[in-house]
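Colleague: In case you want the letters, here they are:
There are 2 protein chains.
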Amino acid sequence: MAATEATQAADEAYDVIVLGAGPTGENVADRAHAAGLSAVVVESELVGGECSYWACMPSKALLRPVAARAEARRVPGLKEAADVPLDVPAVLAHRDEFVSYWKDDGQVRWLDSLGIDLVRGHGRLAGPRRVVVDGGRVLTARHAVAVCTGSRAVLPPVPGLAEARPWTSREATSAKTVPGRLVVVGGGVVGVEMATAWRALGSSVTLLVRGDGLLPRMEPFAGHLVAESLAEAGVFLRTGVEVREVRREAPGGPVTVLLDSGDEIVADELLIATGRTPRTEDIGLDTVGLAPGSWLDVDDSLRVTGVTGGWLYGVGDVNRRALLTHQGKYQARIAGAAISARARGVPILESDRWGAHAATADRLAVPQVVFTDPEAASVGLTAAAAEQAGYRTRVIDQDLSAVAGASLYADGYRGRARMVVDLDREVLLGATFVGSGIAELLHSATVAVAGEVPLERLWHAVPSYPTISEVWLRLLEAYRG
Amino acid sequence: MAATEATQAADEAYDVIVLGAGPTGENVADRAHAAGLSAVVVESELVGGECSYWACMPSKALLRPVAARAEARRVPGLKEAADVPLDVPAVLAHRDEFVSYWKDDGQVRWLDSLGIDLVRGHGRLAGPRRVVVDGGRVLTARHAVAVCTGSRAVLPPVPGLAEARPWTSREATSAKTVPGRLVVVGGGVVGVEMATAWRALGSSVTLLVRGDGLLPRMEPFAGHLVAESLAEAGVFLRTGVEVREVRREAPGGPVTVLLDSGDEIVADELLIATGRTPRTEDIGLDTVGLAPGSWLDVDDSLRVTGVTGGWLYGVGDVNRRALLTHQGKYQARIAGAAISARARGVPILESDRWGAHAATADRLAVPQVVFTDPEAASVGLTAAAAEQAGYRTRVIDQDLSAVAGASLYADGYRGRARMVVDLDREVLLGATFVGSGIAELLHSATVAVAGEVPLERLWHAVPSYPTISEVWLRLLEAYRG
Chain D
1 MAATEATQAA DEAYDVIVLG AGPTGENVAD RAHAAGLSAV VVESELVGGE
51 CSYWACMPSK ALLRPVAARA EARRVPGLKE AADVPLDVPA VLAHRDEFVS
101 YWKDDGQVRW LDSLGIDLVR GHGRLAGPRR VVVDGGRVLT ARHAVAVCTG
151 SRAVLPPVPG LAEARPWTSR EATSAKTVPG RLVVVGGGVV GVEMATAWRA
201 LGSSVTLLVR GDGLLPRMEP FAGHLVAESL AEAGVFLRTG VEVREVRREA
251 PGGPVTVLLD SGDEIVADEL LIATGRTPRT EDIGLDTVGL APGSWLDVDD
301 SLRVTGVTGG WLYGVGDVNR RALLTHQGKY QARIAGAAIS ARARGVPILE
351 SDRWGAHAAT ADRLAVPQVV FTDPEAASVG LTAAAAEQAG YRTRVIDQDL
401 SAVAGASLYA DGYRGRARMV VDLDREVLLG ATFVGSGIAE LLHSATVAVA
451 GEVPLERLWH AVPSYPTISE VWLRLLEAYR G
Chain Z
1 MAATEATQAA DEAYDVIVLG AGPTGENVAD RAHAAGLSAV VVESELVGGE
51 CSYWACMPSK ALLRPVAARA EARRVPGLKE AADVPLDVPA VLAHRDEFVS
101 YWKDDGQVRW LDSLGIDLVR GHGRLAGPRR VVVDGGRVLT ARHAVAVCTG
151 SRAVLPPVPG LAEARPWTSR EATSAKTVPG RLVVVGGGVV GVEMATAWRA
201 LGSSVTLLVR GDGLLPRMEP FAGHLVAESL AEAGVFLRTG VEVREVRREA
251 PGGPVTVLLD SGDEIVADEL LIATGRTPRT EDIGLDTVGL APGSWLDVDD
301 SLRVTGVTGG WLYGVGDVNR RALLTHQGKY QARIAGAAIS ARARGVPILE
351 SDRWGAHAAT ADRLAVPQVV FTDPEAASVG LTAAAAEQAG YRTRVIDQDL
401 SAVAGASLYA DGYRGRARMV VDLDREVLLG ATFVGSGIAE LLHSATVAVA
451 GEVPLERLWH AVPSYPTISE VWLRLLEAYR G
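Order-wise, the sequence lines are chains D and Z.
Each residue of the first sequence is one higher than the last, beginning at 1 in the UniProt record's numbering.
Each residue of the second sequence is one higher than the last, beginning at 1 in the UniProt record's numbering.
Chain D on its own, in the form it takes in the complex:
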């Protein structure tokens, strides 16, 4: 007993300490370890993080059958066969399988196999290069501590809301039963994806949005097309509304949502999907001169600014640059490379755009696919964002239904594409595609934007006929006039 305590009390030194074992943390540790550094990851919940258990994986497991059914209904010869309710227990069981039944054995084995240590518990910074786990075990970092604790859903300060114990993205992706009536608050990605999934699984869904449309970070037509389709699926959409109060009399009982208009909506569940907050409130930021609960300001090598000695990194959601799993992993690859270069004493150019140690895509080429029906996908800057950033731009739109590959893909195809061109360099600043079957098309635009491929050269990138990708030809033809 005394020996154990002594062991626990002794400092354990690593080259790199990672707080948080989500995809971002796992990748920082992986890259550092691959570069020959020792690494430990501290995690208080499941190894694998939000994405594996309560976000990307379960949401897409719920949404894929919805898309497959929608697409089958839009081809001849299957319309009637596919016009059936989804087999709900089968879909939920499949989702459970994809989240490994909320167990992290597989991910732990993966860390083990790489030789990365895992410490379970709540890690807090305790001054420079020092992390204390659950108030006991002390870890020290020779080179870097990377904060990869991610973000959580935030509840707005609406009277009665917290007491009503609403769903957030976690509960919405892990629920075991289908609520009869579901109110969703928020028209961003979580709101529209979960409205789509639960409506298809049988819920009566009301979607409440503060602004005037859905998916406000995308081109306006994305939100319009998704709204139109949600309405056709029977989702009741109300825009421009505020929730004034929420009441739930008994746990598990119905919940009443009062709107500023005076209307009341009674439902069985309420999903709040209005925003995220960094999980930095209880990780000892104050011990290194930072404000607990704040987003971390970082340079392009993901190093937190204003911390003496440059040993602290903030990677993934915590730095607010791009709250997406794949962007967290991207930053993790860059941060891992930067940490190991610095550990070797190699000077790095953290402001070298598109360089090996400078996160660049997370500002200029962030792709995102929203798995609604139609899918909405975008990368880079919207027309409005590009204009605001001072670029001299030209915007080209194309109706996707006019593309042969799209009309072959689905009867009554509806969709739209846009490219935003930087007229000075004649490269793509951004692109948006909305329609069925466009999720994989997005990466062509991501390569074009991140690769800064001149439009003159894109003219030689011939889309295969007849695919939906042929929209590229139409967009480029329209640009060339």
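Treat the hints loosely; a few may be bogus.
Since the list gives no way to pick out one identical chain from another, each pair is judged satisfied if it fits inside one copy or across any two copies.
Unchecked claim - With a straight-line Cα cutoff of 20 Å, these simulated EDC-like cross-link-like pairs (lysine to aspartate or glutamate) come out: (1) 176 <-> 134; (2) 176 <-> 242; (3) 176 <-> 299; (4) 176 <-> 11; (5) 176 <-> 387; (6) 79 <-> 96; (7) 79 <-> 297; (8) 79 <-> 97; (9) 103 <-> 163; (10) 176 <-> 268; (11) 79 <-> 105; (12) 103 <-> 397; (13) 176 <-> 350; (14) 176 <-> 477.
These are calculated hints, taken from the structure and not from any lab test.
The hints should help you fit chain Z onto chain D, whose structure is shown.
Modeller: Structure of chain Z alone, referenced to chain D:
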């Protein structure tokens, strides 16, 4: 009567005469016309060509329901619902609609709307810059004649074959009834796509292949995966066989196929999909010093080599560079630009790789999607072709089922991806993807290959999670080691 004859006999002068109103010919005329040149198109069959009525469009209209059903069967909650025979009349009716019931009114209207003249009839060259239609009407070209007559299926010299009146791609894509037993000869794109379609529509299909595998122009794993899947669908595949003789006693009666092994196969229909020959045998090539029936040798501006005055172009299938609709259209855009530049007296660099007047992608970045289940898609050079061309290469393979986006897309996902890297320039020479839902993914590789985007920069082209496109990350990680 005499007046009419006189009118017909007078020469009609255009800047550009196009022989053949398929997609290639239409696009040559369109580009020339857009550049201010007058253009006429001569067509003896339907305006819109092979692709619109007997190839891409009808084949994809037949294949899309097959893919949608296969995909629905691979998601939870739909397996049983989608496990139904296709509604054959609905599929065939849909196909008929997509080929506009083999009428070209829509395409004619499109030519009309552009101001491009159409002459119906069989056009033959009659010396330099001169085309005679049906032996009467004479057209002369101030600047260029473009031969865009395409290709047709060729029947191998097998005894009894021609007499048995087998299907070629035309009949296979336009048939009005489902043959009970269908023998397909040829394991290229037409063979595997039509075996897939007619098997799904109910035929008992035997696929006979001379070589040892399918899709011989792609990476070997493409043919393997498609063969495996065809076998599971109930297609009887025999490789390494030659057809020695064919017998059909009565028109419409059963056809007997004799193999070199001595085996006989009796079927209701026989599809020959073993190769193409240029439609140049009866277009007056002899009047300009070329051999009738030959493929046309062209430079990168698509100008036929060895013809004095440089007024003859060979665009699309006829030049044998890449027998694909989208490559014909690509060449048409380049040829149209070259013709109009030369007409204006602008000197052009026809050997300027990736330049505005030099077809380049049709050698270095030809994309193709085979709409089988799984889909097979490739662009650029295969590993073998790159090695043969003398590149110093590295080949990276990735099992697609290990990609989260793929496993979410379909239960039991099977697929594979390969990239072929030029080690000297560190750019992609080619890529191949085989699996469900990868048709639109191909264009990302097409942009990377045609754009010669350095792998170092592709590292910043982050695939959205969880899509199948994430295979890019795995391929690049493997390359970086």
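Colleague: Among the hints numbered above, which are violated by the structure, and what are their numbers in rising order?
Modeller: 1, 2, 3, 4, 5, 7, 9, 11, 12, 13 and 14
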